[in-house]
Amino acid sequence: MSFRDLVFNKYKVTAGEDILLFHGGAPENLRALKKDFKILTPSEKLKVPSTGGGKIGLSTSTSQMVAQRYSKAFRHNTVLPLVLSKDAKIHSISTKGRGIDEVLSDAEILALQARGYDAIFDSGSDEEEYRILNSKHVKVR
0 MSFRDLVFNK
10 YKVTAGEDIL
20 LFHGGAPENL
30 RALKKDFKIL
40 TPSEKLKVPS
50 TGGGKIGLST
60 STSQMVAQRY
70 SKAFRHNTVL
80 PLVLSKDAKI
90 HSISTKGRGI
100 DEVLSDAEIL
110 ALQARGYDAI
120 FDSGSDEEEY
130 RILNSKHVKV
140 R
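Take the sequence shown: its letters are residues 0 to 140, numbered as in numbering that gives the first Met the number 0.
Hints are supplied without guarantee of correctness; some may be wrong.
Stated by the list, open to error - Straight-line C-alpha distance at most 27 Å; calculated DSSO-like pairs for lysine-lysine:
#1 LYS138 / LYS71
#2 LYS46 / LYS95
#3 LYS46 / LYS34
#4 LYS44 / LYS135
#5 LYS85 / LYS135
#6 LYS85 / LYS46
#7 LYS71 / LYS88
#8 LYS34 / LYS95
#9 LYS37 / LYS54
#10 LYS54 / LYS33
#11 LYS37 / LYS138
#12 LYS95 / LYS33
#13 LYS34 / LYS54
#14 LYS46 / LYS71
#15 LYS44 / LYS138
#16 LYS71 / LYS95
#17 LYS88 / LYS33
#18 LYS85 / LYS34
#19 LYS34 / LYS135
As the list claims (entries may be wrong) - So the derived label-pair ranges between C-beta atoms look like this:
#20 ARG74 / ARG114: 32 to 42 Å
#21 ALA106 / SER134: 26 to 36 Å
#22 LEU45 / GLY15: 35 to 45 Å
Don't read these hints as lab results, they were simulated from the structure.
This structure is a prediction, so every number in the text was calculated from the model and none was measured.
Glycine residues also receive a C-beta, built at the ideal position from the N, C-alpha and C atoms.
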């Protein structure tokens, strides 16, 4: 499957492969991430009004269209394509459509991070969210 096909279709994740993800948001945040990819702490995020608040990690999706919904809130369509390495340690949960922040407390997310998890995957959401917890296994595409 070509990169163009992946961009316009929901990416099918196969075990043992790198995962193509998309992040949507304010243009200045996407530019900053592209220049110097890092995961801000919740307190750092609160200093940047367009980050969506003090959530832990970076929300991404396997669907470009989902990421674009978040960018459209800032009146543009640009998203940032990222690659999560097959070597990343991923905690999988099903929130049954409620979302990671509604199901896991900050303390639970921090505990997963402390146990070496690089991301949380919500298998029970239409958004197919991957919450990136650290930048160790992520590359900007």
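How the hints compare with the structure:
For the hint linking LYS138 to LYS71, the alpha-carbon distance of about 24 Å falls within 27 Å, and the restraint holds. The straight-line distance between the Cα atoms of LYS46 and LYS95 is roughly 32 Å, outside the 27 Å bound, and the hint therefore fails. In summary, the hint linking LYS46 to LYS34 is supported, as the alpha carbons are separated by about 19 Å, within the 27 Å threshold. For a cut-off of 27 Å, the pair hint linking LYS44 to LYS135 stands: about 19 Å separates their Cα positions.
Under the criterion of a C-alpha separation no larger than 27 Å, the hint pairing LYS85 with LYS135 is consistent with the structure, at around 12 Å. A C-alpha spacing of about 32 Å is found between LYS85 and LYS46, which places the hinted pair above 27 Å, so the restraint is violated. For a cut-off of 27 Å, the pair hint linking LYS71 to LYS88 is broken: about 31 Å separates their Cα positions. Pair hint LYS34 plus LYS95 does not hold up; C-alpha atoms about 35 Å apart against a cutoff of 27 Å.
Distance check on the hinted pair: LYS37 and LYS54 sit about 14 Å apart at the alpha-carbon level, within 27 Å; holds. Note on LYS54 and LYS33: the hinted pairing holds, with a Cα-Cα distance of about 20 Å set against a maximum of 27 Å. Straight-line distance between C-alpha atoms of LYS37 and LYS138 comes to about 10 Å, which keeps the hinted pair within the 27 Å bound. Among the hinted pairs, LYS95 with LYS33 is inconsistent with the structure: their alpha-carbon atoms are about 32 Å apart, more than 27 Å.
A hinted pair counts as satisfied when its Cα atoms are at most 27 Å apart, and LYS34 with LYS54 qualifies at roughly 22 Å. Using a Cα cut-off of 27 Å, the hinted pair LYS46 and LYS71 holds, with the two alpha carbons roughly 22 Å apart. As the CA atoms of LYS44 and LYS138 are separated by approximately 20 Å, the hinted pair is consistent with the 27 Å bound. For a cut-off of 27 Å, the pair hint linking LYS71 to LYS95 stands: about 25 Å separates their Cα positions.
Our distance criterion of 27 Å between C-alpha atoms is met by LYS88 and LYS33, whose separation comes to about 23 Å. The straight-line distance between the Cα atoms of LYS85 and LYS34 is roughly 23 Å, inside the 27 Å bound, and the hint therefore holds. Of the pairs offered as hints, the one joining LYS34 and LYS135 holds, with about 16 Å between alpha carbons and a cut-off of 27 Å not exceeded. In this structure the hint that ARG74 and ARG114 lie 32 to 42 Å apart at CB holds, the actual value being about 39 Å.
Under the hint 26 to 36 Å, the C-beta atoms of ALA106 and SER134, about 22 Å apart, miss the expected range. In this structure the hint that LEU45 and GLY15 lie 35 to 45 Å apart at CB holds, the actual value being about 37 Å.
Figure legend: structure checked against the earlier numbered hints; hints not met, in rising order: 2, 6, 7, 8, 12, 21.
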